[in-house]
Amino acid sequence: MSKHYETVFILTPVLSEEQAKETVKKFKKTLTDLGAKVLSEEFWGLKKLAYPIDKKSTGFYQLFEYTTDNITLVNELEVAFKRDERVMRYMTIALDKHAIAYAEKRRAKRKGEDVTTERKPKKERTNA
Amino acid sequence: MSVTKEVRYLNPPQAENKRKKYCRFKKTGIEYIDYKDGDFLLKFINEQGKLLPRRLTGTSLKFQRKVAQAVKRARHLAILPYVADGLK
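Just so you know, the protein sequences line up as chains G and C, in that order.
Numbered continuously in this note's numbering, the first sequence closes out at residue 159.
Numbered continuously in this note's numbering, the second sequence closes out at residue 114.
Be aware that one or more of the hints could be misleading.
Under 7 Å between C-beta atoms, here's a sample of chain G residues computed to sit facing chain C [as the list claims (entries may be wrong)]:
| # | residue |
| --- | --- |
| 1 | Y36 |
| 2 | G76 |
| 3 | L80 |
| 4 | A81 |
| 5 | V118 |
| 6 | M122 |
| 7 | H129 |
| 8 | Y133 |
If we take Cβ atoms under 10 Å as the criterion, some of the chain C residues that face chain G in the derived model are [what the hints assert, rightly or not]:
| # | residue |
| --- | --- |
| 9 | Y58 |
| 10 | D60 |
| 11 | G64 |
Because the hints were derived from the structure by calculation, they are not lab data.
For glycine and all other residues, C-beta sits at the position ideal for the given N, C-alpha and C.
Isolated chain G (complex conformation) (with noise of 0.2 Å):
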């Protein structure tokens, strides 16, 4: 039964965007690999940290949430996480139903809010 997890981490604010970016894609991509089917991602982008972290205080925020059959993938994730100097910080949380429904509920907003931009033409008002 393949379980959900989400996992938020920050990396450091010396990269530049697009770096930042790749290293994302660079963990997708081991979570591809270790046999996880991504269900959403979301960059948060450059955002002020509450407190400051080695030294830094603002991170690139990026979060990852998917679903598994592995039950090791979390740990080699983690080990992925550990080696990368660039990730000052990491945090994986297993779903439980609740939580599942709120992600749903989180992504078909998300989607919605790309759908609805191209609002349709305001029907001009025929004052009879």
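Got chain G; can you put chain C on it based on the hints?
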């Protein structure tokens, strides 16, 4: 025959404005408290970033534990500070 002394208080007892506290999660039917949106969690911590007790927020035990876990996760991810002054 006892003379009932009329008791006068300096200020009226606080009993009047004690409105019934309710658990906001049961009322609105929220089931999952997300550790990622910090501004929702701000309602549950005081100015120094400490968790508000149940007697002030009125949340039920089951959801207070979820709030506590969410706040601790948010602190780990630097979304919320561990210690702050004048947070709000």
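Flag every earlier hint the structure violates by its number, smallest first. Violated: hints 1, 2 and 5.
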